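Participant: So the sequences go chain by chain: L and B. The opening residue of the first sequence carries number 0 in numbering that gives the first Met the number 0; numbering runs sequentially from there. The opening residue of the second sequence carries number 0 in numbering that gives the first Met the number 0; numbering runs sequentially from there.
Hint data in this document are derived by calculation from the structure and do not stem from the laboratory. As the structure is a computational prediction, the values presented were derived from the model and not from experiment. The hints are all genuine.
Just the calculated beta-carbon pair ranges, DEER-fashion:
#1 B/Val214 - L/Leu148: 58 to 66 Å
#2 B/Gly31 - L/Gln218: 49 to 57 Å
#3 L/Leu148 - B/Thr10: 35 to 43 Å
#4 L/Leu314 - B/Gly114: 32 to 40 Å
#5 L/Tyr133 - B/Asn7: 34 to 42 Å
#6 B/Glu67 - L/Leu321: 45 to 53 Å
#7 L/Met313 - B/Glu67: 41 to 49 Å
#8 B/Gly160 - L/Asn40: 43 to 51 Å
Computed list of chain L residues with no C-beta within reach of chain B, every gap over 12 Å:
#9 Lys217
#10 Gln218
#11 Thr244
Where is the CB? At the ideal position from N, CA and C, for every residue including glycine.
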Amino acid sequence: MKFKYSVSPNYHSSVDTKQIMSSVTKALIFVSLFSIVLQYNLYGMAGSIRAILILAVAMITTTAVDYIYWKLRKTSKDELSKKVNQNVPIITGMILALTLPLGDLASYEILYVTFISAIAAELFGKLIYGGFGYNIFNPAGVGRAFALLAFGKQLVIPAIDGLASASPLATMQGENGLTEVLNTFNNYSSLIFGVHQGALGETVVIALIIAAVYLVIKQAIDWVIPVCAIGTIALLAIVDSAFGTFSLDFIMVHVLSGGLIFGAVFMLTDPVTNPLNRQGKIIYAIIFALITFLIRTKASLPEGVVFAILIVNMLVPMIDKLTANVTNEGTGKKVLSIVVTLGIAVLMTVLFQFV
Amino acid sequence: MKTNSLFNIFTTGIFKENPIFVLFLGMCPALGVTTSVTNAIGMGVGVIFVLLMSNVIISLIRNIVMEEIRIPVFIVIIASLVTLLEMFMKAYTLDLYNSMKVFIPLITVNCIILGRAEAFASKNGPVKSAVDGVGMGIGFMIGLLAISFFRELLGTGAIMGVQIIPVAFTIPIFTTAVGAFLTLGVLTGVMMVYQNYKKDNKEKLEKAQEAKSEVA
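Could you build all of it, start to finish, from the sequences and the hints given here?
Facilitator: In structure tokens, the structure reads:
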């Protein structure tokens, strides 16, 4: 097992930050288009128009906040658009919009929520730290957490005809959650094809997988992060279900529902808030999976991806310190540290069974 | 202007050493009581009263009290003043008392009061101490008012009962502790930006004058 060392944002690798950002933008546009089509299937024209509006509001707001900020900082006219481009407000806006639900189709409150949380994402998530490249937290994650804490009531997902209300993860929290989920969602075929309630970008699993493969081929993201994150979730789901009625369906539901795939592909892999080397990235993904799983199964919230991303972002400096200056020597040590982290994750899941 | 003039002492507390935005003292009421402007005014007036009285009393007895036991003595004086204030508020402004409750006795442990007693009143005469107390108190109240103004406006849409923003457009997070920290942080940031801007301008002006005098 060899570990490659690459400093983000990858000065020495064959792709530069600009190329990474343009491939991420393309992938996000692809996912958004797929999502708009899916919303048309689920809710008709009103659904897809609402999806387009949310995306537009988020992108315009983040860009406008960026312009105003650099204007107030007295940036010269020639540099203004360059600075804004460097800050990639459009990506933040798009990711934020894709994590938001459609809201009540009868009222337009969700657009106000999008507007305010887009300001929070761009300003508190990115510009306060000095712009793209200096932020500690994932900006879109900050915006999403702000929306959840500030506007819990408005973040409703409209009901789909012929389907029970709650989203799969919310159903899972009830008694006999698993059988109920499998009955409602036709043995997870509807989970794969996105015929269930969820945020704009959460439910389009097929599009997300295509986008992930594209990003890995373009070297925009490191494949170990999503693979380790989703793999650990699956492992923890096996451990968890071994204490009740053992069933592999449990794993499928945990992996396919909620924002896990979206978060692992687009938010966890943000080059700025990542650990510097492979070993760190693996540990980072494992800790993310542990926190997500514990929030999902033990906390009062049905979904924990956003909070897990923010918490694990906080740990990145520590992970970097732990894994600094590792060369290709001493591979055994690195494998050991990864195994230890994974072991702790499994152990904690086991221990929490008795709490 | 002399650095020690009364006017200077007075303005120091309001701008240069504002307790909330510069010294970061008395954070407990600044975060806890600022949910509404009315509360902020009540707390501000209370703190001004206690600060003025404690500063005057402590500066009068500063030569009698022994070095070793000064802190307990200061605390006793401040605590009795706060008890007095609490009784007055209970007697005359019961509504305000009910909405602030535990934060009134907590004025005793408000760092700004003991801080001024230790840093200023125990070294200066009663007149200067009184001016310092009022200045610091007003600075504190301005901080509370600024924080509570934004929190009440954004969180509930109303200022002292007058609805300004429609309820549908409020951001309820600002009435919680998270909103208090956000508001405090942003306001401090704005203050810092303004001060840096002023400093830069001053330096530019000085440089320009130097250049002029060199040319001459």
